Amino acid sequence: MARRELQEINAGSMADIAFLLLVFWLVTTTIDSDEGVKRQLPPPVPDDLEQQEVKEGDVYNVRTNFRDSLLVEKKVLRISELKAGAKDFLIATGDGLLNPVRDNVELADGNMMYPERVWVRKSELLILEQSYLVAGQTKRAEKVRDKIRAIELFGGDYRELPGSALISLQTDRNTSYDLYMQVQNELEAAINELRDELAMAKFNMTYADLEERYGRSKEQSLLDRILAVRLVYPQRISEAEPRDASATYY
Amino acid sequence: MGKFNKGKKRGMAAISTASLPDIVFILLFFFMMTTVMQTEDEMVKVVRPEVSEVYKIEKKHLIRYINIGTPQDKRYGTEPVIQLNDQFADASAIQEWVKIERLTLAEAEQTKMWVSMKVDVETKMGVVTDVKQELRQASALKVLYSANSRERTGS
Chain A
263 MARRELQEIN AGSMADIAFL LLVFWLVTTT IDSDEGVKRQ LPPPVPDDLE
313 QQEVKEGDVY NVRTNFRDSL LVEKKVLRIS ELKAGAKDFL IATGDGLLNP
363 VRDNVELADG NMMYPERVWV RKSELLILEQ SYLVAGQTKR AEKVRDKIRA
413 IELFGGDYRE LPGSALISLQ TDRNTSYDLY MQVQNELEAA INELRDELAM
463 AKFNMTYADL EERYGRSKEQ SLLDRILAVR LVYPQRISEA EPRDASATYY
Chain B
3 MGKFNKGKKR GMAAISTASL PDIVFILLFF FMMTTVMQTE DEMVKVVRPE
53 VSEVYKIEKK HLIRYINIGT PQDKRYGTEP VIQLNDQFAD ASAIQEWVKI
103 ERLTLAEAEQ TKMWVSMKVD VETKMGVVTD VKQELRQASA LKVLYSANSR
153 ERTGS
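Quick note, the sequences are listed as chains A and B, same order. Take the first sequence: its letter number 237 is residue 499 in the working numbering, and every next letter is one higher. Take the second sequence: its letter number 9 is residue 11 in the working numbering, and every next letter is one higher.
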């Protein structure tokens with residue numbers, strides 16, 4: 263018998279099969295993105311913790327109720343107005359380097375409207391650092407050192423927020439999660455925008471860029487800049503211990 | 003001129019498509035390697051909120067998930083429930099869950115665990131607050147509220 267020649271298998275349809283597989287894969291996988299709003303929860307509160315006195319003007323009160331409305335500093339606000347309000351509060355009495363110094367406003371109930379920013383001066387800090395070093399308090403000296411470094415990077419003294427200045431968020435148990443997230447987001451956006459503006463003016467780079475670059479290169483000079491910006495606009499969002507306030511109408 | 007058209011018209015040589023499957027297979031493998039598969043079934047309906055300030059966790063193996071929403075299966079009711087590792091759980095089970103999940107990480111990374119909360123937008127804060135309180139008690143303080151990203155508004 264005559265041997266038949268071996269026939270080549272037509273591979274033309276192979277591509278189609280592979281494409282089918284590819285399309286099947288694309289359609290069936292749900293991409294699970296791990297994105298979201300980052301938060302550090304406070305550690306559990308010990309029972310014997312002393313209540314600290316807080317100046318009314320130093321706290322930016324944000325409350326949400328069961329009807330998903332927003333009460334900010336005793337005024338009803340829309341969510342779209344929250345960011346501007348929070349920014350105004352954080353700028354406070356000004357000169358976080360970009361804003362002119364302005365007078366504090368006394369409200370009808372005798373409280374001040376903004377926290378009072380105070381000058382941090384390099385000459386005073388240098389003396390303070392020395393005294394801490396002499397006393398052997400290295401941790402405190404290190405903190406002062408950070409501020410001196412910030413002033414050197416900014417090329418001038420700045421005014422810092424008092425330690426008691428913070429944004430306080432109180433949510434009712436019947437507030438929707440959506441509103442809660444939007445409030446968290448707007449508050450963070452306010453801080454980020456202020457930080458971006460400052461970083462852009464001083465380092466020609468947004469704060470987000472600084473963080474991203476630092477994440478990749480771990481360069482010390484970038485970290486110093488990040489810390490400097492954070493000193494001027496710290497992120498202090500406190501969430502009050504939860505309480506069921508559905509019985510209370512705001 | 004017409005110099006170039008003088009020759010006989012030759013048929014175009016067929017381009018070999020033999021390597022096409024290989025290319026497509028490479029594409030397929032690329033997608034398989036890069037996509038993150040959902041490791042567990044979502045037993046609750048979750049519509050994630052939209053926010054502008056998103057943070058992306060790079061080290062995915064450090065993340066553990068808590069889902070909160072109404073059950074997919076109506077037989078389990080229409081109230082929001084908490085899902086931990088493929089089963090419904092009570093908020094009081096969270097501390098134990100955190101302990102166990104920590105042990106699945108390498109010792110050096112146990113303090114770096116992230117808890118990603120996937121919560122449906124319609125959920126009331128009561129449930130979420132309970133979970134947060136339990137997480138605090140269990141010292142799992144790094145929390146990510148899972149969300150989709152959008153543009154910043156009105157800046």
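Any given hint could turn out to be false.
[What the hints assert, rightly or not] Once the Cα atoms are required to be at most 25 Å apart in a straight line, the calculated DSS-like pairs of lysine-lysine come out as:
| # | chain 1 | residue 1 | chain 2 | residue 2 |
| --- | --- | --- | --- | --- |
| 1 | B | Lys58 | A | Lys300 |
| 2 | B | Lys61 | A | Lys300 |
| 3 | B | Lys114 | B | Lys76 |
| 4 | B | Lys114 | A | Lys480 |
[Unchecked claim] Output of the computed footprint for chain B on chain A, the stretches with three or more beta carbons under 8 Å from beta carbons of chain B:
| # | region |
| --- | --- |
| 5 | 369-375 |
| 6 | 379-389 |
| 7 | 402-414 |
| 8 | 433-442 |
| 9 | 484-491 |
Hints were generated in silico from the structure; no laboratory data involved. Being a predicted model, the structure only gives us computed values, none of them experimental. Just so you know, even glycine gets a beta-carbon here, dropped at the ideal spot from N, CA and C.
The hints, checked one at a time:
Distance hint between lysine 58 of chain B and lysine 300 of chain A is fulfilled; the C-alpha atoms sit about 9 Å from each other, no more than 25 Å. With a CA separation close to 14 Å, the supplied pair lysine 61 of chain B and lysine 300 of chain A stays within the 25 Å bound. Using a Cα cut-off of 25 Å, the hinted pair lysine 114 of chain B and lysine 76 of chain B is violated, with the two alpha carbons roughly 36 Å apart. Taken as a hint, the lysine 114 of chain B and lysine 480 of chain A pair is honoured in the structure, with Cα atoms around 18 Å apart against an allowance of 25 Å.
Residues of the region 369-375 of chain A with a Cβ under 8 Å from some Cβ of chain B number 0, which does not satisfy the need for three, so the listed coverage is violated. Here's how the region 379-389 of chain A fares: 0 of its residues keep a CB closer than 8 Å to some CB of chain B, so the rule of at least three is not met and the hint is violated. With 0 residues having a Cβ less than 8 Å from any Cβ of chain B, the region 402-414 of chain A misses the three-residue criterion, and the hint is violated. Check result for the region 433-442 of chain A against chain B: holds, 9 residues qualifying (beta carbon to beta carbon below 8 Å, three or more required).
Given as covered by chain B, the region 484-491 of chain A fails the check, having 0 residues with a CB less than 8 Å from a CB of that chain where 3 are the minimum.
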